[in-house]
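Student: Got chain A sorted already, so can you dock chain B onto it with the hints?
Residue strings, one per chain:
2 protein chains.
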Amino acid sequence: MTDAVQDHYPDAFAQCYGCGRLNEDGLRVRTVRDGGSWVCHFTPREEHRAIRGIVYGGTVASLIDCHATGTAAGAATLHCGDEITPDTVRRFVTAHLGVDFLAPTPIGVELELRATTSEVRENKVVVDVELSAEGKVTARGHVVCVEAPASLFD
Amino acid sequence: MTDAVQDHYPDAFAQCYGCGRLNEDGLRVRTVRDGGSWVCHFTPREEHRAIRGIVYGGTVASLIDCHATGTAAGAATLHCGDEITPDTVRRFVTAHLGVDFLAPTPIGVELELRATTSEVRENKVVVDVELSAEGKVTARGHVVCVEAPASLFD
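Residue numbers (my numbering), protein chains in the order written: chain A, 1 to 154; chain B, 1001 to 1154.
I should point out that these hints are in silico values taken from the structure, not numbers from a laboratory. A hint or two may mislead.
Claimed, not checked - Below, a sample of chain B positions facing chain A; criterion: calculated Cβ distance under 10 Å:
#1 V1032
#2 H1048
#3 A1050
#4 R1052
#5 T1059
#6 L1063
As the list claims (entries may be wrong) - Far from chain A, some chain B residues (derived; all Cβ distances over 12 Å):
#7 Q1015
#8 N1023
#9 V1029
#10 S1037
#11 T1077
#12 I1084
#13 G1108
#14 E1112
#15 T1116
#16 T1117
#17 S1132
#18 P1149
What the hints assert, rightly or not - Calculated from the model, a selection of chain A residues having no Cβ within reach of chain B, i.e. all distances over 12 Å:
#19 H8
#20 A12
#21 V32
#22 G35
#23 E47
#24 L78
#25 H79
#26 G81
#27 E83
#28 T88
#29 E110
#30 T116
#31 E134
#32 G135
#33 V137
C-beta atoms are modelled at their ideal positions from N, C-alpha and C, and glycine is treated no differently.
If we strip away everything but chain A, and leave its shape as in the complex, we get (with noise of 0.2 Å):
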């Protein structure tokens, strides 16, 4: 399986319920580098249901939300020159999150999410996100991601 940015996390930030690969009961979200864009590719879980056939809209936030700073980390590690490694990675964590619902996303199918940058500094990173589900566009994001702060390695 091809590297996911949130594999070269450090374990004390691995254990985020989004993207944590060492939260067991969490999403699992994992971010993959794919030419000029990052994918991601998750199936919800029955229980993420909204009503019966479609994804509750808070899941689709919190994919959007952990694919975005998946993504801010990345691009903003290349952007640095560095290779993403658990030695350089870069952290990110959300300032801001606006998600458009368009349409029901249906459950039970994967859901592929493309994720954009339109800023990419050092320290704050622009990322925009769509959701799609069998070829159709269900959820846009527009994520704004800032440098984790020092304070949360405490």
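Tutor: For chain B alone, kept in the frame of chain A given last:
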């Protein structure tokens, strides 16, 4: 315990991961009227962490989302001159969810979400939500809710 808006949703709409009283794996958000605003109390589980000691942003977004749609349902029902009962309660979905993360939200304490409406119509309600922990506001939400389309009931 005081009635929540979600207590009155019909069973088919009580399945939501965020607020469905019939979703055993979900968050079971409850929206209670409190004078001119609507309040929700919630204590995240340990797995809902971002890193140690801090609540995951996707969980924050999920709480804001479901408390906002619950507020919209309650406010629109009252706006139409009805009491909130299983026969009268409206149902709303999220068109736009915006969340500003102001500070880390500590895990292990009860959170309070307080929602107010800035626009209430029969088919659209705009909701602002403040999430606070130990008296400090850590996130703000701005949510545009629209009446659940009839197609969801098929």
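Student: Are the hints correct? Go through all of them and say.
Tutor: Structure-based check of each hint:
1. Taking 10 Å as the C-beta cut-off, the interface hint given for V1032 (chain B) is violated, the closest approach to chain A being about 19 Å.
2. About 5 Å separates the beta-carbon of H1048 (chain B) from the nearest beta-carbon of chain A, less than 10 Å, and the hint is met.
3. A cut of 10 Å between beta carbons decides the hint on A1050 (chain B): the least distance to chain A is about 5 Å, and the hint holds.
4. The beta carbon of R1052 (chain B) is positioned within 10 Å of a beta carbon in chain A (closest approach about 6 Å), and the interface hint is therefore held.
5. For T1059 (chain B), the interface hint holds, the least distance from its beta-carbon to any beta-carbon of chain A being 6 Å, beneath 10 Å.
6. A hinted interface residue such as L1063 (chain B) counts as satisfied when its beta carbon comes closer than 10 Å to some beta carbon of chain A; here the least separation is about 8 Å, so the hint holds.
7. Residue placement check: Q1015 (chain B) does not keep its beta carbon more than 12 Å from all beta carbons of chain A (closest about 6 Å).
8. At roughly 6 Å from the closest C-beta of chain A, the C-beta of N1023 (chain B) falls inside 12 Å, breaking its exclusion from the interface.
9. Against chain A, the non-interface label of V1029 (chain B) is violated: not every CB pair exceeds 12 Å, the least being about 9 Å.
10. The non-interface label for S1037 (chain B) is consistent with chain A: the shortest C-beta to C-beta separation is roughly 21 Å, beyond 12 Å.
11. The Cβ of T1077 (chain B) sits about 19 Å from the closest Cβ of chain A, beyond the 12 Å cut-off, so the non-interface label holds.
12. Every Cβ of chain A is farther than 12 Å from the Cβ of I1084 (chain B); the closest lies at roughly 19 Å, confirming the non-interface assignment.
13. For G1108 (chain B), the non-interface assignment is confirmed: its Cβ lies about 14 Å from the closest Cβ of chain A, beyond the 12 Å cut-off.
14. Remark: the non-interface label on E1112 (chain B) is consistent with the geometry, its nearest Cβ contact in chain A lying 18 Å away (cut-off 12 Å).
15. The claim that T1116 (chain B) lies off the interface holds: its Cβ sits roughly 20 Å from the closest Cβ of chain A, which is beyond the 12 Å cut-off.
16. Every beta carbon of chain A lies more than 12 Å from that of T1117 (chain B), the smallest distance being close to 19 Å; the non-interface claim holds.
17. For S1132 (chain B), the shortest C-beta to C-beta distance to chain A comes to about 18 Å, beyond the 12 Å cut-off, and the non-interface label holds.
18. With a cut of 12 Å on Cβ distances, P1149 (chain B) falls inside the contact zone with chain A, its closest approach being about 9 Å.
19. Distance to chain B confirms H8 (chain A) as a non-interface residue, since its nearest Cβ pair spans about 16 Å, more than 12 Å.
20. The beta carbon of A12 (chain A) is not kept farther than 12 Å from every beta carbon of chain B, the shortest such distance being approximately 6 Å.
21. For V32 (chain A), the requirement that its beta carbon stay farther than 12 Å from each beta carbon of chain B is met, with the minimum near 19 Å.
22. A cut-off of 12 Å between C-beta atoms confirms that G35 (chain A) is not in contact with chain B; the least separation is 27 Å.
23. With a least CB separation of 4 Å from chain B, E47 (chain A) falls inside the 12 Å interface cut-off, contrary to its annotation.
24. Its beta-carbon lying about 23 Å from the closest one in chain B, L78 (chain A) satisfies the requirement of being farther than 12 Å from that chain.
25. In this structure H79 (chain A) is separated from chain B by more than 12 Å, as the shortest Cβ-Cβ distance comes to about 23 Å.
26. For G81 (chain A), the condition that its CB be more than 12 Å from all CB atoms of chain B holds, with the nearest at approximately 27 Å.
27. With a closest Cβ-Cβ approach of about 24 Å to chain B, E83 (chain A) is found to remain outside the 12 Å limit, as its non-interface label requires.
28. In this structure T88 (chain A) is separated from chain B by more than 12 Å, as the shortest Cβ-Cβ distance comes to about 19 Å.
29. At the 12 Å boundary, the C-beta of E110 (chain A) stays outside the reach of chain B, the nearest C-beta of that chain being 18 Å off.
30. The beta carbon of T116 (chain A) is kept farther than 12 Å from every beta carbon of chain B, the shortest such distance being approximately 20 Å.
31. Once the 12 Å rule is applied to beta carbons, E134 (chain A) is consistent with being away from chain B; the minimum gap is 17 Å.
32. Every CB of chain B is more than 12 Å from the CB of G135 (chain A) (nearest about 20 Å), matching its label as outside the interface.
33. Here V137 (chain A) stays apart from chain B, with its beta-carbon at least about 15 Å from theirs, past the 12 Å limit.
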